[in-house]
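Asker: Sequence:
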Amino acid sequence: MSQVGIAQLQPLSAAGQARKPDDPDRVRDAAQQFEALLIGQILRSVRESGSGWLGSGNDSSSDCATEYAEQHLATTLAQQGGLGLADLISQGLLRDR
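Taking the working numbering, I'd label the letters of the sequence shown as residues 1381 to 1477.
Just so you know, these hints were derived from the structure itself, not from any lab. You may find that some hints are simply not true.
[What the hints assert, rightly or not] FRET-style restraints, in silico, Cβ to Cβ:
{"no.": "1", "residue 1": "Q1471", "residue 2": "Q1421", "range": "16 to 24 angstroms"}
{"no.": "2", "residue 1": "A1410", "residue 2": "H1452", "range": "17 to 25 angstroms"}
{"no.": "3", "residue 1": "D1443", "residue 2": "L1468", "range": "26 to 34 angstroms"}
Just so it is clear, CB atoms sit at the ideal spot from N, CA and C, and this is done for glycine as well.
Use the sequences and the hints to build the structure in full.
Answerer: Shown next as structure tokens:
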């Protein structure tokens, strides 16, 4: 059900390690992860609409493989610029600092 696996998310910083909340790299990474989630949701909607996205197997192993492929594709697309939302979000957040 999750679009980006928990293992793909950045770990929380250790207690006592204060990091700047407006660090541009962190803002960009968070925006990119958000875009990956959004792209993953779009891909999932396409698959569930019955249009045959990435195969049409009905067993649990093919469902698992399809979800993994969608997650990987969504993450890769977001890292390569995706829909351009990560740039817009990070620019908007960093502009107000």
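Asker: Could you tell me whether the CB distance from A1410 to H1452 stays inside 17 to 25 angstroms?
Answerer: 20 angstroms, holds
Asker: Would you say the C-beta atoms of Q1471 and Q1421 sit inside 16 to 24 angstroms of each other?
Answerer: Given range 16 to 24 angstroms: holds, Cβ gap about 22 angstroms.
Asker: Quick check: does the Cβ-Cβ distance between D1443 and L1468 fall within 26 to 34 angstroms?
Answerer: The hinted range 26 to 34 angstroms holds for D1443 and L1468, with Cβ atoms some 33 angstroms apart.
Consistency note: the structure conflicts with none of the earlier hints.
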